[in-house]
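If you want the building blocks of each chain, they are given just below.
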Amino acid sequence: MAATDGGANQLEFSLDVPFPSSREAEIALRSLSPDREPRKGGIRKQLTVSGSKLSVKWSADEARILRVSVNSFLDHLSLVLETMEMFGPPVSQ
Amino acid sequence: MTVVIGFEGSANKIGIGIIRDGEVLSNPRRTYITPPGQGFMPSDTARHHRAVVLTVLKEALEQAGLKPADIDCVSYTKGPGMGAPLVTVALVARTVAQLWGKPLLGVNHCIGHIEMGRLITKANNPTVLYVSGGNTQISNDPSPGYNIEQMAKKGSQYVELPYTVKGMDVSFSGILSYIEDVSHKMLSSGQCTPEDLCFSLQETLFSMLVEITERAMAHCGSQEVLIVGGVGCNMRLQEMMGVMCKEREAKLFATDERFCIDNGAMIAQAGWEMFRSGQVTELEDSWITQRYRTDEVEVTWRAD
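As they're listed, the protein sequences go chains A and B.
Just so you know, full-length UniProt numbering puts 68 at position 68 of the first sequence, and the rest follows in order with no gaps.
Just so you know, full-length UniProt numbering puts 63 at position 63 of the second sequence, and the rest follows in order with no gaps.
One or more hints might be untrue.
[Unchecked claim] Quick look at which bits of chain B chain A covers, simulated, 3 or more residues with Cβ under 8 Å: (1) 87-98; (2) 211-224.
[As the list claims (entries may be wrong)] Have a look at the derived ranges for each label pair, beta carbon to beta carbon: (3) Arg67/A x Thr34/B: 35 to 43 Å; (4) Ser43/B x Gly51/A: 30 to 38 Å; (5) Asp70/B x Leu15/A: 33 to 41 Å.
[What the hints assert, rightly or not] Short derived list, chain B residues pointing at chain A, Cβ under 10 Å: (6) Arg30; (7) Val53; (8) Lys185; (9) Ala250.
What the hints contain is simulated information worked out from the structure, not anything from laboratory work.
By construction, the Cβ of each residue, glycine as well, lies at the ideal position given by its N, Cα and C atoms.
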């Protein structure tokens, strides 16, 4: 299988998530980025924040690997959003 | 005064506990129970935890009568354990730590058991036997279960089973295959009952655990034993360990099911020790890990 090196055979998927503030987008980023992908290879994802928007970009070798990762991410994202809803807004720094 | 909240969800229990200077202020917990005969799988377990984690968090705060501002540190189980459930709980811990502006601390689950055991029993410097369904610290092989314990209480006939101890290592794999082999012959011929087999299984396995514990005590010159981990609730194991301790004039410490079984307060307690000794986990380093050896943890909170 081709390595995840951004080659021509890669499937790509992007997701943009708006937040009420850049602080909250950063919080989500820092909660969602530490854990590694469970699979050893075939998928790479990158999280960035721009303004108050969290962007996620995936590169994958195969559709099913992509689906699993995106699905899992959306579950995790919804948990983070629910947590922020219930226990937010963030304290003033 | 230091108040720490601890999040635990590495196996089928999800618990969140709050400790203030050695006092357990709250310790709510939920257990994911699968139908009989089925073990718990990672994604189902994660789904269970996901559904209840925020409710349990609210309970922990309410029962302790505290607000987020009163918390000094947020600790959570970094590992070892099942991946998906660990992530679910870590996500909430990371998020509230940031929302509340509190430092985060990743705790080793086994250290949680040990530190809680020390807190509850006041054991000073014990030899610790950590024995649990998911995490037996002496081998990777399967361990005895609650159902076996109940049936064993009704058994009486001892059936000889393979006993494998080499120094500090034990092996349970031979016993299970032997039992699978021999049990249906013995049960159908009426030589013994399933209760007798459960009884014999416990006697054999627990003897192995007692032997290695005794060996560790002899090597370390220790006069205290602390049993932690879910299997530590087993009364027969505590009894057998007690006999060995009495012979050596050593003291045995054991906790009850509130703290033997996975819970959030034990993570909070380990977190409390670590935090007060100056440890903190940066968010980038807060990834969870399924494998996390107890001896990988730097114990900065004890001088001995």
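Hints, one by one, checked against the model:
Counting residues of the region 87-98 of chain B whose CB lies closer than 8 Å to any CB of chain A gives 9, which reaches the minimum of 3, so the coverage claim holds. Here's how the region 211-224 of chain B fares: 0 of its residues keep a CB closer than 8 Å to some CB of chain A, so the rule of at least three is not met and the hint is violated. Checked against the given bound of 35 to 43 Å, the beta carbons of Arg67/A and Thr34/B, roughly 26 Å apart, lie outside it. Between Ser43/B and Gly51/A, the C-beta spacing of about 34 Å keeps the proposed range 30 to 38 Å intact.
Remark: the range hint 33 to 41 Å for Asp70/B to Leu15/A is upheld by a beta-carbon distance near 36 Å. Restraint check, Arg30/B versus chain A: the minimum CB separation of about 16 Å is more than 10 Å; hint violated. Because the closest C-beta pair between Val53/B and chain A is about 8 Å apart, less than 10 Å, the hint holds. Evaluation of the Lys185/B hint against chain A yields a violated restraint, the C-beta minimum of about 42 Å exceeding 10 Å.
Checking Ala250/B against chain A: minimum C-beta separation of about 42 Å lies over 10 Å; hint violated.
When the structure is compared with the earlier hints, violations turn up for hints 2, 3, 6, 8 and 9 and for no others.
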